[in-house]
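Colleague: Here is how the chains run, residue by residue.
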Amino acid sequence: MNILSQIFVLISKDFRIEFRQRVLLATLLLFVGSASFSLYQVFFAARARVNPLIWIGLFWVVLLFSSFQAVSRSFNKEMDRLFWYYFFRVKPEVLIISKLLYHFLVLNLTAWMAVFFLSVFFRNPIPGFGLFALTLELACLGLASGLTLVAAISARAGKNAGLLPVLGFPLIIPTLLLVIKLSVNALDQLGWELALPHIFSLVALDSVMIALSFILFPYLWRQ
Amino acid sequence: MKIAWWKWLTLALMLYVLVMGFLGPVPRLHILNETIRNLYFHVPMWFGMILLFATSVGYSIHYLATNRIESDIRASAFTQIGILFGFLGLTTGMLWARFTWGEYWSNDPKQNASAIALMIYLALILLRGSISGVRERARLSAVYSIFAFAVLIPLIFILPRFTDSLHPGNGGNPGFNPYDQSGKLRPVFYPAVFGWTLMGVWMADLLIRVRILKNIQTENEA
Chain A
1 MNILSQIFVL ISKDFRIEFR QRVLLATLLL FVGSASFSLY QVFFAARARV
51 NPLIWIGLFW VVLLFSSFQA VSRSFNKEMD RLFWYYFFRV KPEVLIISKL
101 LYHFLVLNLT AWMAVFFLSV FFRNPIPGFG LFALTLELAC LGLASGLTLV
151 AAISARAGKN AGLLPVLGFP LIIPTLLLVI KLSVNALDQL GWELALPHIF
201 SLVALDSVMI ALSFILFPYL WRQ
Chain B
1 MKIAWWKWLT LALMLYVLVM GFLGPVPRLH ILNETIRNLY FHVPMWFGMI
51 LLFATSVGYS IHYLATNRIE SDIRASAFTQ IGILFGFLGL TTGMLWARFT
101 WGEYWSNDPK QNASAIALMI YLALILLRGS ISGVRERARL SAVYSIFAFA
151 VLIPLIFILP RFTDSLHPGN GGNPGFNPYD QSGKLRPVFY PAVFGWTLMG
201 VWMADLLIRV RILKNIQTEN EA
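Keeping their order, the protein sequence lines are chains A and B.
With our numbering, letter number 98 in the first sequence gets 98, and the count goes up by one each step, no holes.
With our numbering, letter number 112 in the second sequence gets 112, and the count goes up by one each step, no holes.
The shape of chain A in the complex, shown without the other chains:
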């Protein structure tokens, strides 16, 4: 099998397992849904309206904490006994790329779910939707590239579920700072020109993280 079809098989395997067990989907629905619901209750009790800036703030908080849920379990199976079978069949580089893509897709699901829930509860105040959508995709890419290797490390380190947020949070702060600025740009409709430097540095940051994940993952894989 060539590399592309290997990657495709690995990703579809992850999605098929997810489709059968629906653990991740349930987790995300519960997490994003209950977060948005309790936020709605707070604002309802205070009889306050959510202005766009607060909407953005709520959105990033919901996405940030849900994203750890989204990637936390995905390496557990690889670290199991199946690992020994993979070890002979799949190159680590192929596995990390498939995981990066899988996380990117799962984070997309999380992000759009958060947009949906918050829009249902608070309406959607974002005027510059093209830039906001791009920001969202860049955020998913950044979170995926920042958290994938860390998820592998924390899965390797053992059953400690609290490790991933602690290891991952400081690493995604640069991404977070940039996407927050971009989303506020989208809110103020400042246009693409002001957004471009941020987009470039986000892409550069993501490329560094992806390249390093690619280089470093074989060392995690090696027993």
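Hints listed in this document are in silico derivations from the structure and should not be mistaken for laboratory results.
Among these hints, one or two may not hold up.
Stated by the list, open to error - Computed list of chain A residues with no C-beta within reach of chain B, every gap over 10 Å:
1) Val50
2) Lys77
3) Tyr85
4) Arg156
5) Leu163
What the hints assert, rightly or not - Only some residues are given here: those of chain A computed to face chain B with a beta carbon under 8 Å:
6) Leu149
7) Ile153
8) Ala157
9) Val166
10) Leu167
11) Ile173
12) Leu176
13) Ile180
14) Val184
15) Ile199
16) Ser201
17) Leu205
18) Val208
19) Leu216
20) Tyr219
Ideal placement from N, C-alpha and C gives every residue a C-beta, glycine not left out.
With chain A's structure known, arrange chain B on it following the hints.
Modeller: Structure of chain B alone, referenced to chain A:
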């Protein structure tokens, strides 16, 4: 007492920096006044920290390439001293900020970046603490440390340029040069950077020697 030549150099530099730093002439500056002396203590901490962390990453790469456990011991010792320097840099900076900018914390991008840097390295310590196997611990922490350092570089050197900062040299503020037109600061500042960095290396060196000896001891017992 027989110690390496560079340790004598460190002692001499530290003595010089302490005496000249507190007693030597400094330019009369608005707002800063005598706090400008903190330049000899606050700024070298950051130079030292970056250098110590870079050395640590170097040893992490060396560990992954060679699997020598000594490299892991070296990497972790340099990390720990780097964290110490980071905390000292943050503390001296916050005290300085209180007297010049008015607040201990002003959400300055460099303040934030250094706080995040310390979070990253505290996470590394936590990671090391949560793994019991020596080889596993060495490998995982080496991988995390290299990855984290690569994220840290844009955080410290690139992102602050996008935002306004109270620090000299950022956001339209003049750099360090206007503060030292009389040239009184440089003769102490450069030796201070050199001396504090050597001090950090010395501290790490002590940690490393103790741990390598302990490592040999446990191997002999086993």
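Colleague: Looking back at the hints listed earlier, which ones does the structure fail to meet?
Modeller: Numbers 4, 5, 12, 13, 14, 15, in rising order.
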